[in-house]
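Protein chains in written order, with our numbering: chain A, 1 to 387; chain B, 1001 to 1091.
Since the hints were derived computationally from the structure, they do not count as laboratory data. The reader is advised that the hints may include incorrect statements.
[Said to hold, decoys possible] Calculated pairs, EDC-like style, for lysine to aspartate or glutamate (alpha carbon to alpha carbon, straight line, at most 16 Å):
id, chain 1, residue 1, chain 2, residue 2
1, A, Lys326, B, Asp1062
2, A, Lys248, B, Asp1062
3, A, Lys245, B, Glu1039
4, A, Lys112, A, Glu99
5, A, Lys92, A, Asp120
6, A, Lys245, B, Glu1028
[As the list claims (entries may be wrong)] Here are the computed distance ranges between Cβ atoms for each label pair:
id, chain 1, residue 1, chain 2, residue 2, range
7, B, Glu1070, A, Ile265, 48 to 58 Å
8, B, Asp1078, A, Tyr313, 32 to 42 Å
9, A, Gly362, B, Gln1048, 24 to 34 Å
10, B, Asp1078, A, Gly319, 26 to 36 Å
11, A, Gly362, B, Glu1070, 37 to 47 Å
12, B, Lys1071, A, Glu128, 17 to 27 Å
13, A, Leu296, B, Gln1048, 21 to 31 Å
14, B, Thr1035, A, Pro189, 39 to 49 Å
15, B, Lys1042, A, Gly222, 27 to 37 Å
16, A, Glu99, B, Ser1017, 34 to 44 Å
17, A, Arg247, B, Glu1039, 30 to 40 Å
[Stated by the list, open to error] Some chain A residues close to chain B (C-beta under 8 Å, calculated; not the full set):
id, residue
18, Asp137
19, Thr152
20, Gly153
21, Ile161
22, Phe162
23, Lys218
24, Glu327
Small disclaimer: the values here were computed from a predicted structure and weren't measured. C-beta atoms are modelled at their ideal positions from N, C-alpha and C, and glycine is treated no differently.
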Amino acid sequence: MASLVEQPTALSNDEILRYSRHLIMPEVGMEGQLRLKQARVLCVGAGGLGSPLALYLAAAGVGTLGIVDFDVVDFSNLQRQILHSTADVGRKKLDSAAESITGINPNVDVRKFETRLTSDNALEIFREFDIIVDGTDNFATRYLVNDACVLTGKPNVYGSIFRFEGQASVFATKQGPCYRCLYPEPPPPGLVPSCAEGGVLGILPGLVGIIQATEAIKLILGSGEPLIGRLLLVDALGMRFRELKLRKNPDCPACGTNRTITKLIDYEQFCGIRGEEKPATGKLGDMTPEELKQRLDRGDDLFILDVRDPHEYQICNLGGHLIPLKELPQRVGELDAAREMVVHCKLGGRSAKAVDFLKQQGFSNVHNLVGGINAWADRVDPKMPKY
Amino acid sequence: MKILIPTPLRPYAAGQSAIEVPASTVGEAVQALITSHPELRKHLYNDQGTLRAFVNLYLNEDDIRYLQQEKTPVAAGDTLSIIPSIAGGRG
Chain A
1 MASLVEQPTA LSNDEILRYS RHLIMPEVGM EGQLRLKQAR VLCVGAGGLG
51 SPLALYLAAA GVGTLGIVDF DVVDFSNLQR QILHSTADVG RKKLDSAAES
101 ITGINPNVDV RKFETRLTSD NALEIFREFD IIVDGTDNFA TRYLVNDACV
151 LTGKPNVYGS IFRFEGQASV FATKQGPCYR CLYPEPPPPG LVPSCAEGGV
201 LGILPGLVGI IQATEAIKLI LGSGEPLIGR LLLVDALGMR FRELKLRKNP
251 DCPACGTNRT ITKLIDYEQF CGIRGEEKPA TGKLGDMTPE ELKQRLDRGD
301 DLFILDVRDP HEYQICNLGG HLIPLKELPQ RVGELDAARE MVVHCKLGGR
351 SAKAVDFLKQ QGFSNVHNLV GGINAWADRV DPKMPKY
Chain B
1001 MKILIPTPLR PYAAGQSAIE VPASTVGEAV QALITSHPEL RKHLYNDQGT
1051 LRAFVNLYLN EDDIRYLQQE KTPVAAGDTL SIIPSIAGGR G
């Protein structure tokens, strides 16, 4: 296929040495290296997928790398987000990312966008770039990235991960399908767990992010067969790669013949306002970690129900009775409806579901521990590990 | 035929990654799967009994939406993949 990028003028002698292993390959050569230098790639997210992809694109000589992120580096990121190091904990991911990128290749022009990608800013940001790489972590932003790519005519290099399984494709090229052709609608809130709840094998974003980087490079060079119209499935546990055929849906609301999405919409509303699990606040029956501490210290008779999975219980616990959320319907008989009960999980999402279920089952005196055991560790017991 | 169960749905299929079912169509295969693992139903079908829009079924490497949907005939050596949407990556 043809390259998306015009060729610039020349490389310096330092650059020629740096890229020599590219320059001696006919598939890249001087022409391809100049295209890489001219290319402007936007990474949405500087996390698990964004880390390897930004580092490799920088090393390969992509001239301009944009990064959209508003987060700060947390200890729990370091298991996979190799853009950031231990000393960066607490810093803005953007600053840490820019430093790592410049460290690898000072020729890269890093453009930082310290913002959440929204319907108000996406088109404006995307227009400055040739290729968009989606390294986000929630459905709302994925649909936003896709629609903004279709509207601006930029390819969407897609990658997504869950536990030890990943998906990758190239969406929204002129001839190929878009993300909505594959998934017309997002799953309802709560049905698919986030990485914070479900976990992710640390090397998996490495695998998938590098597939995305490879696709971005191929689009820039205009060589090889990009993943257009193909969905690559990666199973890291079985170490199997499979490929499915994707078609451009003629009825697609974003890229079909009679498209209905002609501007960006409210994606939070479209996805039912749930990207990552957020602690529910202010609901009747909620209990804060401080209240729980106070009640326990007072010697109140509280039954603590832990609805996490057994391997999470091993990391840390409040000594509660363990019934994983998915076993609750079968094991509800173990619980005494007469006792006052506090239900918790890691962040408060699963326990909220458990509380709803228990209320339907006739339990009237049930509370949800807001923010879960992580909030307890933050605000009551700093010695408790967080995960 | 073989049905491949994706990671997010394995907790509802006794942890299995692949399940053999007897079937002559895609619809029969999914019904057989749900009969043996009833918890999967709400993840695959909505309250109206139609396949959820975010769950894609692939017979070998083709989307059944472009074959004969759930009426698509299947053979013993075929593989049906359930491909749900997943969103993780930045966090």
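Verification of the hints:
1. A distance of roughly 32 Å separates the Cα atoms of A:Lys326 and B:Asp1062; the hinted pair therefore is violated under the 16 Å criterion.
2. Only pairs whose Cα atoms come within 16 Å are accepted, and A:Lys248 paired with B:Asp1062 is accepted, the gap being roughly 13 Å.
3. A distance of roughly 29 Å separates the Cα atoms of A:Lys245 and B:Glu1039; the hinted pair therefore is violated under the 16 Å criterion.
4. The suggested pairing of A:Lys112 with A:Glu99 holds, with an alpha-carbon distance near 11 Å, which does not exceed 16 Å.
5. Restraint check: the Cα-Cα separation between A:Lys92 and A:Asp120 comes to about 22 Å, which exceeds 16 Å; the hinted pair is violated.
6. Simply put, A:Lys245 and B:Glu1028 have alpha-carbon atoms about 23 Å apart, too far for the 16 Å limit, and the pair is violated.
7. Range check, B:Glu1070 to A:Ile265: about 30 Å between beta-carbon atoms, so the 48 to 58 Å window is missed.
8. In this structure, B:Asp1078 and A:Tyr313 meet the distance hint of 32 to 42 Å, their C-beta atoms being roughly 41 Å apart.
9. Distance hint check: the CB atoms of A:Gly362 and B:Gln1048 are about 29 Å apart, consistent with the given range 24 to 34 Å.
10. Roughly 50 Å separates the CB atoms of B:Asp1078 and A:Gly319, a value that falls outside the hinted 26 to 36 Å.
11. One distance hint, 37 to 47 Å for the beta-carbon pair A:Gly362 and B:Glu1070, holds here, with the actual separation near 39 Å.
12. As the Cβ distance of B:Lys1071 to A:Glu128 is approximately 48 Å, the hint placing it in 17 to 27 Å is violated.
13. For A:Leu296 paired with B:Gln1048, a C-beta distance near 46 Å fails the hint of 21 to 31 Å.
14. For the pair B:Thr1035 and A:Pro189, the beta carbons lie near 28 Å from each other, so the given range of 39 to 49 Å is not met.
15. Checked against the hint of 27 to 37 Å, the pair B:Lys1042 and A:Gly222 fails, with Cβ atoms roughly 46 Å apart.
16. A beta carbon spacing of about 41 Å between A:Glu99 and B:Ser1017 agrees with the range 34 to 44 Å that was offered as a hint.
17. In this structure, A:Arg247 and B:Glu1039 meet the distance hint of 30 to 40 Å, their C-beta atoms being roughly 31 Å apart.
18. Using the Cβ-Cβ criterion of 8 Å, the hint placing A:Asp137 at the interface with chain B is satisfied: the shortest such distance is roughly 4 Å.
19. Hint status for A:Thr152 relative to chain B: violated, with the closest Cβ pair at about 21 Å, above 8 Å.
20. Hint status for A:Gly153 relative to chain B: violated, with the closest Cβ pair at about 23 Å, above 8 Å.
21. The closest approach between the C-beta of A:Ile161 and any C-beta of chain B is roughly 5 Å, which is under the 8 Å cut-off, so the hint is satisfied.
22. Proximity of A:Phe162 to chain B holds as hinted, the smallest CB-CB distance being about 4 Å (cut-off 8 Å).
23. Because the closest C-beta pair between A:Lys218 and chain B is about 20 Å apart, greater than 8 Å, the hint is violated.
24. Here the hint on A:Glu327 is broken, as its CB sits about 10 Å from the closest CB of chain B, past 8 Å.
Comparing the model with each earlier hint shows violations of hints 1, 3, 5, 6, 7, 10, 12, 13, 14, 15, 19, 20, 23, 24; every other hint is respected.
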